[in-house]
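Residue numbers (numbering that gives the first Met the number 0): 0 to 696.
Don't read these hints as lab results, they were simulated from the structure.
Predicted model, so just to flag it, every value in this text is computed and none were measured.
Each residue gets a CB set at the ideal place from its N, CA and C atoms; glycine is no exception.
Check before you lean on any hint, since a few could be wrong.
Using 20 angstroms as the maximum straight-line C-alpha spacing, the simulated DMTMM-like pairs for lysine to aspartate or glutamate come out as follows [said to hold, decoys possible]:
hint, residue 1, residue 2
1, Lys458, Asp358
2, Lys403, Asp378
3, Lys458, Asp603
4, Lys403, Asp440
The calculated label-pair distances, taken between Cβ atoms and stated as ranges, are [to be verified]:
hint, residue 1, residue 2, range
5, Asp179, Val462, 36 to 44 angstroms
6, Gln26, Pro186, 39 to 47 angstroms
7, Glu573, Asp505, 30 to 38 angstroms
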Amino acid sequence: MAPHAPVLDEHPVWTIDPRSPGSAPIQREWLLANGLGGFAMGTVAGIPTRRYHGVLVAAMSPPVLRMLTLAAVDDLIVLDPAGAASEHRLSLFHFVDSSDRPQTHPHLVLFEKEDRVRWTFELPGPRGPVRVRKSIELADGRNAALIRYDLPEGVDARLELRPLVALRDFHALLTGHEHDITARELPGLSGAPGVVVARRELGLHLTARGAEEFNLVPTTWRGVDLMIERDRGLDDHEDWFCPGVFVAQGPGSVELIATTDATGREGWTDARDARRRRRRAMIESVLTLTRHAGDAAARSRLAQLAAAADAFIVRRAGGAPGGTTVIAGYPWFADWGRDTMIALPGLLLATGRHAEAFDVLRTFAGAQRRGLIPNRFDDHAGPAHYNTVDASLWFIHACVQWLKATGDQARFTAELRPACERVVRAYLDGTDYSIRVDPIDGLVSAGTSETQLTWMDAKRDGVVFTPRHGKPVEVNALWVHGLCSLALACNADDATLAANLRAHADRAARSFREAFLGGPFGGLTDCLTPVPGPRTSRWERSQDVRPNQIFAASLEHSPLEPDDRRAVVRVVREHLLTPAGLRTLAPNSPRYEPKYVGWLFDRDRAYHNGTVWPWLLGSYCEALMRSEGFSPESRQQAAGLLVGLCEELDRDSVGQLAEIADAEPGPEGRHRFDGCPAQAWSIAETLRGLTLALRPA
0 MAPHAPVLDE HPVWTIDPRS PGSAPIQREW LLANGLGGFA MGTVAGIPTR RYHGVLVAAM
60 SPPVLRMLTL AAVDDLIVLD PAGAASEHRL SLFHFVDSSD RPQTHPHLVL FEKEDRVRWT
120 FELPGPRGPV RVRKSIELAD GRNAALIRYD LPEGVDARLE LRPLVALRDF HALLTGHEHD
180 ITARELPGLS GAPGVVVARR ELGLHLTARG AEEFNLVPTT WRGVDLMIER DRGLDDHEDW
240 FCPGVFVAQG PGSVELIATT DATGREGWTD ARDARRRRRR AMIESVLTLT RHAGDAAARS
300 RLAQLAAAAD AFIVRRAGGA PGGTTVIAGY PWFADWGRDT MIALPGLLLA TGRHAEAFDV
360 LRTFAGAQRR GLIPNRFDDH AGPAHYNTVD ASLWFIHACV QWLKATGDQA RFTAELRPAC
420 ERVVRAYLDG TDYSIRVDPI DGLVSAGTSE TQLTWMDAKR DGVVFTPRHG KPVEVNALWV
480 HGLCSLALAC NADDATLAAN LRAHADRAAR SFREAFLGGP FGGLTDCLTP VPGPRTSRWE
540 RSQDVRPNQI FAASLEHSPL EPDDRRAVVR VVREHLLTPA GLRTLAPNSP RYEPKYVGWL
600 FDRDRAYHNG TVWPWLLGSY CEALMRSEGF SPESRQQAAG LLVGLCEELD RDSVGQLAEI
660 ADAEPGPEGR HRFDGCPAQA WSIAETLRGL TLALRPA
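Hey, can you work out the whole structure from these sequences and the hints?
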């Protein structure tokens, strides 16, 4: 499969021939997003394998309270129904009580993905092969999905559509729930046959334009098997409710519309056109930013990354100003503070969406508590969670990056700088989770042995897999960088404040060099952990080689001298760099996990103990370029690494980059990707890094 190279007036398009060797249709996933946090997701084969796969996952309180409403459609085509009657099902499933486990559809000849997904089937008919197309599209800004079937002219056919409905929290699985689900036949808009399916307070409206009738015949599909859930050690099957069957006579087109309200197809075309214009503008912004530098392959990848970025930018409930936020990853993450601030320069600034970037920053500033921005907003619309030490420092970084991109000093001073100052004051005075600046050395200390406040936060069944309480290296690099960048940003308006910030930064930078230099292999110490005891100020140096030191070399206002930056890049290159990103722990550690496999406990143990994270490659490439003064050679090397990572856009997560990858490659030499199939900062940091590498000096 090779994606078409996009140009400014065309969306990136991926085409897959499922019959080609190695295409693995059941292992490759696609994603469509609706701008609210809702989505559709499935496999190229059309066979659901996750609890999150479905035609419409609706965000009932955008971008959270997500519900799997329409799980799938059993679509049966009967060719020559009055004669030889050849039957073909377009959707296939695995069942717990069946040994039949198809890996693809026997008659699927083409899969395409752009801002919709489309399958082309070549069905054997009584009078020769018949080409049938099926597509899925989401409405932009609405909880609505459209499934379209196109039957060619001159073909006598009957189409039977059986909606398979879940109406459940998208994290949950349901069995035996037919007692609390109801169906009521209700003509849809324009007189098309329709049905409303309801479970508790949630309803799903289904209308089939082009169908002649709907027959209300409620049934339950039992034991739908979801193999990826089994691999993760979770419940792996569920039951779906089928309200009945829509019947249409071919040839022609039939559109099955699923919505969580009573609206139909009105406004769909306008929303589609607006989405395409928005994505074209994002692509154009990125290519303009780099002045169309780089070869055709690099420019094509930039366009693909820009189009992929759009999926993560969503609106909070009500759509009011200041309601923009960022989904950390699909399918299971909502909006996280750390992820949002790291992803913002790539997702929103590089793509020219400056106003929405400001809305995002204002959203998180408005939720600030005791100087901290939220670690994450609650999945069920409850209170925000604040257990993070680094998200607020990334917030300062993102605010200053917004100022650099826009030059809007007045708005920064009025609305963003006060929130940044609150972060600094809270850290100096001390705030929640034992976050405070140590008065002895001016470095940031945080947490206890039972808390996980950095991005390496895996914890399960009371086990902290990567204890990093104390003084983590990247937190203190961010502290120095944040103080320096904020001082520059406010120098013209408040010279006294700027001088005070620089004084704190200078002290912290001196202490940083004393505390963190001299780490393993000549790099930096990953974390300083307090030695227990009364009235002690002793700190134990971690001997782990981890990628967190790369931020001390990548951030503009680094506490390191140039030679020390280069030493960090060398250590990371020699021990952690892979084509898929950076390992989270060097292979020489006894805790190193080469593969991310097994049940959730095993996966959480490996999560930050070797497992590769693609998003880190952006900062590695920036550190590489900064350490070499952005020389042409360093830019070329960085671009090569990032374009190489972009090959994953063509693989398992079609048009997206996943969250993580195995620390060691498989027999074919490739690192297997896993975790969240579409991760915001994987896309954002690859886009930002590639833009930085290609942008003219």
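State the violated hints by number, sorted upward, taking the hints as numbered earlier in the document. 1, 2 and 4
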